[in-house]
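The sequence shown maps to residues 699 to 821 in our numbering.
Heads up, none of these hints are tricks.
DSBU-like mimics (lysine-lysine), calculated; alpha carbons at most 35 Å apart, straight line: (1) Lys733 - Lys752; (2) Lys756 - Lys733; (3) Lys819 - Lys756; (4) Lys819 - Lys753; (5) Lys819 - Lys752; (6) Lys743 - Lys733; (7) Lys756 - Lys817; (8) Lys752 - Lys817.
In case anyone wonders, no lab produced these hints; they're calculated from the structure.
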Amino acid sequence: MDGGEMLIAFTAIICAVGLPVLLLIVLVVRTTRTKHEERMAMIEKGIVLEEPEKKTNKFNALRNGLLMIGLALGAMSGVFLDATMPSDWTGFPVVIFTVLGGGIAYLIYFFIVLKMIEKEKEQ
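Make the full structure from the sequences, and use the hints.
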């Protein structure tokens, strides 16, 4: 690769990664500033808003554990299936099954937490 090709590749990477990150930062700053200005205007008018009660997720450990198990099982399944795929698909099953395992783990987590919350409401 000569200098021109390196410059093109570097520019492409910066644009592909940097522009979305910059856009996200701008959106977060604008949203935060707008909320702050709204709150300040309400305070000036004498309207005091109470902070909404933030609910903490008491099932974080369950979610993280299921996610790790799902990702690991998906990755192992992908590694085993990788040998059966054509040579130009090398690595593809590993990625797909890892993502699939994570998604299945989140679904299992959702249904477990749903049942736990229903049991708490009954008591």
